[in-house]
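These protein sequence lines map, in sequence, to chains C and X. Quick note: to get the working numbering, add 12 to the position in the first sequence (first position is 1). Quick note: to get the working numbering, add 784 to the position in the second sequence (first position is 1).
Take these hints with a grain of salt, some might be off.
Straight-line C-alpha distance at most 27 Å; calculated DSSO-like pairs for lysine-lysine [stated by the list, open to error]:
#1 C:Lys186 to C:Lys160
#2 X:Lys871 to X:Lys800
#3 C:Lys63 to C:Lys122
#4 C:Lys186 to C:Lys44
#5 C:Lys44 to C:Lys194
#6 C:Lys166 to X:Lys803
#7 C:Lys88 to X:Lys842
#8 C:Lys88 to X:Lys865
#9 X:Lys871 to C:Lys88
#10 X:Lys836 to X:Lys865
#11 X:Lys836 to C:Lys88
#12 C:Lys160 to X:Lys865
#13 X:Lys842 to C:Lys160
#14 X:Lys798 to X:Lys849
#15 C:Lys44 to C:Lys63
#16 C:Lys88 to C:Lys186
#17 X:Lys849 to X:Lys836
#18 C:Lys186 to C:Lys122
#19 C:Lys160 to X:Lys849
#20 X:Lys842 to C:Lys166
#21 X:Lys865 to C:Lys166
#22 C:Lys122 to C:Lys194
#23 X:Lys800 to X:Lys865
#24 X:Lys865 to X:Lys842
#25 X:Lys871 to X:Lys798
#26 X:Lys849 to X:Lys865
#27 C:Lys63 to C:Lys186
#28 C:Lys44 to C:Lys122
#29 X:Lys871 to C:Lys166
#30 C:Lys166 to C:Lys63
#31 X:Lys849 to C:Lys88
#32 C:Lys88 to C:Lys166
Partner residues are not named here, just some residues of chain X that face chain C (Cβ under 10 Å, in silico) [unchecked claim]:
#33 Ala795
#34 Lys849
#35 Arg856
Honestly, the hints are just simulated from the structure, not real lab data. Using N, Cα and C, we set each Cβ at its ideal position, and we do this for glycine too.
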Amino acid sequence: MFNPFTRIAGLQALGLGLLLLLLTGFIGSYSKVSFDGVIDMHAGTDISLVKSFSFLAIDIVSLVLVMWFTGLIISKGFRFVDILGTMTLGKAPFIILAIAGYFCTVPDNKEILNNPFIVFQSVSFILLILLSLPVIIWSITLMYNGFKISCDVKGTTLTVAFIIAITVSEIISKILIYFITKNL
Amino acid sequence: MLPTYCPGCQAQLKVKCLKCESCQTEVTGSYDLPVLALLPENDQQFILRFVKNSGSLKEMASQLKLSYPTVRNMLNEIILKIETYEK
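Produce the complete structure using the sequences and hints provided.
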């Protein structure tokens with residue numbers, strides 16, 4: 013559950029990850045859940061299919077490139093396809109949030125701005141937020157284990173490098189999403 | 785499995801005596817164990833499998849039902865152990 017990468021990596025992980033990612037984008041577009049960041053999700057705003065897939069594509073490209081670059085610095089040798097596969101599969105748990113979005117009623121943005129406490133009146137929204145925490149933690153754990161196995165790095169070097177890499181990839185994805193998808 | 789460490793103090797053992805089963809000649813001395821013999825049994829099995837698979841980690845990964853990087857990491861650990869023994 014937390015480390016499938018001892019058994020699956022490379023192209024196999026990439027295939028499975030891409031399939032789940034496509035489903036995530038598809039479902040997310042209809043359940044109004046967008047993944048506008050490597051470890052980010054927002055619910056309740058209308059999102060086109062193109063935009064939904066664009067967000068996920070930018071997320072994966074940012075994540076993979078930053079992890080690959082980090083791997084080049086700290087690892088003696090690794091395959092790009094392992095980083096690509098494990099990171100793509102690491103994003104898979106987000107499909108749970110895309111599905112959960114169907115059952116969620118999100119208060120209107122204007123209403124929230126007028127009265128932020130209105131969110132507490134929507135039980136399904138609160139449950140979605142609560143659910144997002146373990147899902148994001150699960151996803152980060154998968155990415156961490158995927159990075160660990162792909163690059164064969166351990167200890168403090170691994171932990172520090174991963175924290176920096178995931179933070180940088182989140183920032184890069186946010187910037188790219190802003191500039192690339194603002195006209196979509 | 786060949787014992788490689790002293791059960792009393794955990795120091796590395798040496799070979800003191802070798803015997804010919806055919807003529808009963810015994811050769812005594814103080815010989816270092818080969819590096820491969822110092823490795824744990826599962827590592828030795830891994831190396832045997834690696835050689836039998838002509839050094840193909842992909843083949844090994846499919847036989848062991850493990851991912852390629854996992855098998856490559858196992859090999860890296862064995863290389864580290866061998867380098868430590870050689871020092």
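Cross-check of the supplied hints:
{"no.": "1", "hint": "C:Lys186 to C:Lys160", "verdict": "holds, 25 Å"}
{"no.": "2", "hint": "X:Lys871 to X:Lys800", "verdict": "holds, 22 Å"}
{"no.": "3", "hint": "C:Lys63 to C:Lys122", "verdict": "holds, 22 Å"}
{"no.": "4", "hint": "C:Lys186 to C:Lys44", "verdict": "holds, 19 Å"}
{"no.": "5", "hint": "C:Lys44 to C:Lys194", "verdict": "holds, 17 Å"}
{"no.": "6", "hint": "C:Lys166 to X:Lys803", "verdict": "violated, 45 Å"}
{"no.": "7", "hint": "C:Lys88 to X:Lys842", "verdict": "holds, 19 Å"}
{"no.": "8", "hint": "C:Lys88 to X:Lys865", "verdict": "holds, 17 Å"}
{"no.": "9", "hint": "X:Lys871 to C:Lys88", "verdict": "holds, 21 Å"}
{"no.": "10", "hint": "X:Lys836 to X:Lys865", "verdict": "holds, 21 Å"}
{"no.": "11", "hint": "X:Lys836 to C:Lys88", "verdict": "holds, 26 Å"}
{"no.": "12", "hint": "C:Lys160 to X:Lys865", "verdict": "holds, 20 Å"}
{"no.": "13", "hint": "X:Lys842 to C:Lys160", "verdict": "holds, 19 Å"}
{"no.": "14", "hint": "X:Lys798 to X:Lys849", "verdict": "violated, 37 Å"}
{"no.": "15", "hint": "C:Lys44 to C:Lys63", "verdict": "holds, 11 Å"}
{"no.": "16", "hint": "C:Lys88 to C:Lys186", "verdict": "violated, 30 Å"}
{"no.": "17", "hint": "X:Lys849 to X:Lys836", "verdict": "holds, 17 Å"}
{"no.": "18", "hint": "C:Lys186 to C:Lys122", "verdict": "holds, 23 Å"}
{"no.": "19", "hint": "C:Lys160 to X:Lys849", "verdict": "holds, 19 Å"}
{"no.": "20", "hint": "X:Lys842 to C:Lys166", "verdict": "holds, 23 Å"}
{"no.": "21", "hint": "X:Lys865 to C:Lys166", "verdict": "holds, 16 Å"}
{"no.": "22", "hint": "C:Lys122 to C:Lys194", "verdict": "holds, 21 Å"}
{"no.": "23", "hint": "X:Lys800 to X:Lys865", "verdict": "holds, 24 Å"}
{"no.": "24", "hint": "X:Lys865 to X:Lys842", "verdict": "holds, 22 Å"}
{"no.": "25", "hint": "X:Lys871 to X:Lys798", "verdict": "holds, 16 Å"}
{"no.": "26", "hint": "X:Lys849 to X:Lys865", "verdict": "holds, 24 Å"}
{"no.": "27", "hint": "C:Lys63 to C:Lys186", "verdict": "holds, 14 Å"}
{"no.": "28", "hint": "C:Lys44 to C:Lys122", "verdict": "holds, 17 Å"}
{"no.": "29", "hint": "X:Lys871 to C:Lys166", "verdict": "holds, 22 Å"}
{"no.": "30", "hint": "C:Lys166 to C:Lys63", "verdict": "violated, 37 Å"}
{"no.": "31", "hint": "X:Lys849 to C:Lys88", "verdict": "holds, 25 Å"}
{"no.": "32", "hint": "C:Lys88 to C:Lys166", "verdict": "holds, 12 Å"}
{"no.": "33", "hint": "Ala795", "verdict": "violated, 28 Å"}
{"no.": "34", "hint": "Lys849", "verdict": "holds, 6 Å"}
{"no.": "35", "hint": "Arg856", "verdict": "holds, 7 Å"}
In summary, the numbered hints that this structure violates are 6, 14, 16, 30 and 33.
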